[in-house]
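Per the UniProt record's numbering, the sequence shown runs over residues 1 to 251.
To be clear, the hints were calculated from the coordinates, so they are not data collected in a lab. Hints may contain errors.
Lysine-lysine pairs mimicking DSSO-like chemistry, simulated, CA-CA at most 30 Å apart [what the hints assert, rightly or not]:
no., residue 1, residue 2
1, 44, 7
2, 78, 24
3, 84, 20
4, 20, 7
5, 84, 44
6, 24, 7
7, 44, 24
8, 84, 7
9, 24, 84
10, 22, 44
11, 22, 78
12, 88, 24
13, 20, 44
14, 44, 78
15, 88, 78
16, 88, 44
17, 20, 78
18, 78, 249
19, 84, 22
20, 22, 7
Only a predicted model underlies this, so the values are computations on that prediction, with no experimental measurement involved.
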Amino acid sequence: MWLFDPKSEFQLLNTLTREKRKLKARELEVFQCLVDNEGRYVNKMQILSEVWPGRVVSEANITQSISRIRIALGDTGKEQRIIKTQSKLGYMLLPSFVAVRSNVTHVIDAPLSIKTRHRSSYSSRWSRMEHALSYLICLAIAVLSTISLTDSLRLLSADSQSATYLVSDVQYDGVQYYLDSEARSFDFYELIRGNVPVNNRVIFIFSGQDVLNISCIYFDHRTQQELSQNLVFSFSRGTDFMMETMNEKCH
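Input sequences plus hints: build the corresponding full structure.
What follows is the structure in structure tokens.
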């Protein structure tokens, strides 16, 4: 279960693993709308009127916000375990997955064994993140000539302090994913999630102006070492080609 506190810096807290997730302002408003109508479908017009009142915006803004909320909750558009979608009805937050802090008098702590494992794994996870960020810098340098100057500077600024707001940090099926806030990066993440070789450790997904930049860190069983691959794809190649090539190289 997730504990939702809209006033907290990290609005979502997993009551079992103690992991925290932060939603951006618009995503928070969209999620609040779903929470207020838990168990009922909320159509796009209602979301637009509550989150973007008096403004003319594309429905793609809703789709993108829902996608990011699903990632924060560990859900996907394919699985729809927590947020359901019906084309004519809208979106529904299923009951029993999210509790609002103001409605919770006591939150049961995770079992001691689980909390101990989480603490012991935190240092190794942070070490891996620092190791992974060094590959991110290499990736930025490698693709410097193929993306815009603004994107390049944005990637190069990703140090251990700025990464908390620049990069989304998601773990799924044993693989750590880092991706920027671009919709195309989230779309590719949802496509490959759960469909990458099991020896992958870390995958970066960053969108440039006309290209998708992918960097993977994987364990090579032949050399018994962690290796990396930096890949740059033009969006014109199609996502299926990107996924097939990435799985071939990062294996």
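Hint check results:
Taking the CA atoms of residue 44 and residue 7, the gap is near 25 Å; set against the 30 Å cutoff, the hint holds. Pair hint residue 78 plus residue 24 holds up; C-alpha atoms about 23 Å apart against a cutoff of 30 Å. Taking the CA atoms of residue 84 and residue 20, the gap is near 22 Å; set against the 30 Å cutoff, the hint holds. Restraint check: the Cα-Cα separation between residue 20 and residue 7 comes to about 14 Å, which is no more than 30 Å; the hinted pair holds.
The suggested pairing of residue 84 with residue 44 holds, with an alpha-carbon distance near 13 Å, which does not exceed 30 Å. Simply put, residue 24 and residue 7 have alpha-carbon atoms about 12 Å apart, close enough for the 30 Å limit, and the pair holds. The straight-line distance between the Cα atoms of residue 44 and residue 24 is roughly 19 Å, inside the 30 Å bound, and the hint therefore holds. Distance restraint check for residue 84 and residue 7: the Cα-Cα separation of roughly 25 Å lies within the 30 Å cut-off, and the hinted pair is therefore satisfied.
Taking the CA atoms of residue 24 and residue 84, the gap is about 21 Å. The hint holds against a cut of 30 Å. For the suggested pair residue 22 and residue 44, the alpha carbons sit about 23 Å apart, so the restraint of at most 30 Å is met. A hinted pair counts as satisfied when its Cα atoms are at most 30 Å apart, and residue 22 with residue 78 qualifies at roughly 22 Å. In summary, the hint linking residue 88 to residue 24 is supported, as the alpha carbons are separated by about 27 Å, within the 30 Å threshold.
The suggested pairing of residue 20 with residue 44 holds, with an alpha-carbon distance near 28 Å, which does not exceed 30 Å. Between residue 44 and residue 78 the alpha-carbon distance is near 19 Å, which keeps this suggested pair within the 30 Å criterion. For the hint linking residue 88 to residue 78, the alpha-carbon distance of about 17 Å falls within 30 Å, and the restraint holds. Our distance criterion of 30 Å between C-alpha atoms is met by residue 88 and residue 44, whose separation comes to about 9 Å.
Simply put, residue 20 and residue 78 have alpha-carbon atoms about 23 Å apart, close enough for the 30 Å limit, and the pair holds. Of the supplied pair hints, the one linking residue 78 and residue 249 holds, its CA atoms being roughly 26 Å apart against a limit of 30 Å. Restraint check: the Cα-Cα separation between residue 84 and residue 22 comes to about 21 Å, which is no more than 30 Å; the hinted pair holds. Among the hinted pairs, residue 22 with residue 7 is consistent with the structure: their alpha-carbon atoms are about 11 Å apart, no more than 30 Å.
Consistency with the previously given hints is maintained throughout, with no hint failing.
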